[in-house]
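The task is simple: from the sequences and hints, build the whole structure.
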Amino acid sequence: MNPNLTISETEKEITEEFALFDSWDDKYEYIIDLGKRLTPLDPIFKKDENRVRGCQSSVWLVADYLDGKIFYKADSDAMIVKGLISMLIRVLSGRTPDEIIEAKLDFIREIGMTTHLAQTRSNGLLNMVKQIKHYALAYKIKDPVPSKN
Amino acid sequence: MNVSLTKPKSLDINVIRLEFPILNREVKGRPLIYLDNAATSQKPRQVIDALTQYYNNYNANIHRGIHTLAEEATAAFELTRDTVKDFIGAGFREEVIFTRGTTEGINLVAYSWGRKNIHAGDEIMISSMEHHSNIVPWQLLCEEKNAVLKVIPINDNGELLLDEYEKMLGDKTKMVSIVHVSNALGTVNPVKQMIARAHAVGAVVMVDGAQSAVHLDIDVVDMDCDFFAFSAHKLYGPTGVGVLYGKKALLESMPPFQGGGEMIKEVRFEKTTFNDLPYKFEAGTPNIADVIAFRSALHFVLSIGKEKIRKHEQDLLEYAQHELEKIPGLQIIGKAKEKVSVISFIIDKAHPQDIGILLDNRGIAVRTGHHCAQPLMDRFCIPGTARVSFAVYNTRFEIDELIKGLKRAVKILS
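First to last, the sequence lines map onto chains S and F.
According to this note's numbering, numbering within the first sequence proceeds without interruption in unit steps and concludes at 186.
According to this note's numbering, numbering within the second sequence proceeds without interruption in unit steps and concludes at 618.
Any given hint could turn out to be false.
The list that follows gives simulated cross-link-like pairs (lysine to aspartate or glutamate, DMTMM-like), each with its CA atoms no further than 20 Å apart [said to hold, decoys possible]:
| id | chain 1 | residue 1 | chain 2 | residue 2 |
| --- | --- | --- | --- | --- |
| 1 | F | K611 | S | D62 |
| 2 | F | K611 | S | D63 |
| 3 | S | K177 | S | E139 |
| 4 | F | K615 | S | E139 |
| 5 | F | K615 | S | D114 |
These aren't lab readings, by the way, just hints derived from the structure by calculation.
This is how it looks when you write it as structure tokens:
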């Protein structure tokens with residue numbers, strides 16, 4: 038993430054990047070490229086307790102809490118999902134629990150990726166967003182007045 | 205494999221395609237290429253028209269009313285039963301029971317026949333290539349009755365090991381429930397031979413015909429199965445309709461599955477007597493419109509001829525297998541000698557989900573995942589596959605587009 042940008046500014050940035058593409062093919066090629074560039078998760082984190090439920094592809098999500106902010110790391114065995122993860126991390130990682138809980142994530146719709154949020158069993162993006170927000174909620178409850186360590 | 209490079213001239217696919225309105229639509233700006241027929245087939249115009257005609261002209265509840273609409277609706281509903289009876293070669297119309305689909309048919313047998321006839325220590329046999337619908341109902345029954353579920357193994361080509369099957373059969377085998385055609389692999393199982401072996405030890409046999417009824421000639425009497433279940437929606441018909449065939453004597457000996465209207469003869473608080481077959485197993489108002497429209501689907505198939513359809517589909521199968529195998533890193537899962545037009549495959553370094561999304565992006569619909577056959581995927585040590593499955597309206601041109609789409613997907617993903 039770019040710490041100088043807010044969540045909505047980062048979302049706007051992504052939306053503008055996608056506006057450059059004319060075709061769906063190009064959009065997906067870009068997402069796959071983002072997926073390839075996402076730092077792979079250390080295999081020790083690829084265990085069941087970090088798995089996000091999704092029918093077709095495996096997604097692992099890990100969260101660290103530091104100085105009142107949550108930092109996410111994630112990975113998947115499917116490349117498009119990895120690309121989508123990469124965008125979610127860019128928008129949401131390094132934010133406070135409140136910012137994450139309140140994030141509307143309109144950019145997903147604006148870049149035309151709503152199909153990946155559909156209630157079909159075939160994708161894990163919706164569950165991933167839920168899981169990211171669950172972490173934020175959990176840290177908010179655990180640490181209601183963020184302590185600076 | 206012998207690949208005939210000439211297209212069979214017997215069918216004019218372009219004329220057939222005109223009967224399927226959905227094939228005119230575009231997906232992501234390209235003409236739809238629908239290769240997910242094993243999940244559900246598209247519907248010809250006459251099926252859609254039959255639904256509209258029913259609701260526009262003679263919508264009524266059946267078997268009870270004495271008014272004209274009720275009579276017309278009842279007659280049309282029962283006419284489908286006769287057509288189904290002929291379609292599967294059953295001896296009696298009352299052996300044809302309408303259900304919601306194959307899944308309900310299997311559950312009906314597991315519940316009604318199973319709870320009466322299965323006891324502690326009895327064995328129920330299924331295979332490694334079953335759909336979850338032909339696993340879970342039997343697991344539930346086994347748990348309840350303390351019975352044992354046995355699984356027939358398969359080889360690497362995706363064929364049942366018949367020697368093992370024979371060894372597994374015995375006095376304790378009470379039920380063999382076997383898939384006729386595998387939804388994930390396309391394998392055609394030698395059910396007739398297997399049924400004879402099962403009968404020799406006194407077992408009852410249920411055949412899951414969800415994938416076979418549309419591709420193969422079904423003759424339940426010749427096959428000698430005790431139960432046969434299939435779905436209308438994989439056979440160009442509407443969703444929400446299935447058929448359970450059962451031998452009359454067996455069905456008569458079985459208690460009802462669900463209670464309610466239609467299935468009773470007389471209801472007193474002291475005792476209820478049940479209706480005759482097939483109504484004993486058709487509690488409540490059935491799916492009248494879709495049952496009636498199903499007849500139009502069967503007519504569609506019969507008017508073209510199953511043999512001609514099969515020839516066309518086999519041509520597509522061979523052509524597609526031949527072309528797919530040219531893609532580097534692609535591996536076909538399921539190479540049985542006897543197959544219907546279903547091909548499952550995996551590609552090195554390309555997740556099936558990515559393949560599915562990228563093909564959809566080009567208007568090509570395929571199925572990806574475990575195909576509701578997780579134990580089968582475990583057998584091949586894979587999380588899932590991409591699957592293409594062909595129907596009468598598919599063409600070699602569409603397969604060429606599939607291959608182009610796959611090549612591009614592989615290029616982007618690697």
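Do the hints match the structure? See the list:
For the hint linking K611/F to D62/S, the alpha-carbon distance of about 13 Å falls within 20 Å, and the restraint holds. This hinted pair checks out: K611/F and D63/S have alpha carbons roughly 16 Å apart, not beyond 20 Å. Between K177/S and E139/S the alpha-carbon distance is near 12 Å, which keeps this suggested pair within the 20 Å criterion. Of the supplied pair hints, the one linking K615/F and E139/S is violated, its CA atoms being roughly 39 Å apart against a limit of 20 Å.
A threshold of 20 Å between alpha carbons decides the hint, and for K615/F with D114/S the separation of about 17 Å falls inside it, so the pair holds.
Hint violations for this structure: number 4 only, all remaining hints satisfied.
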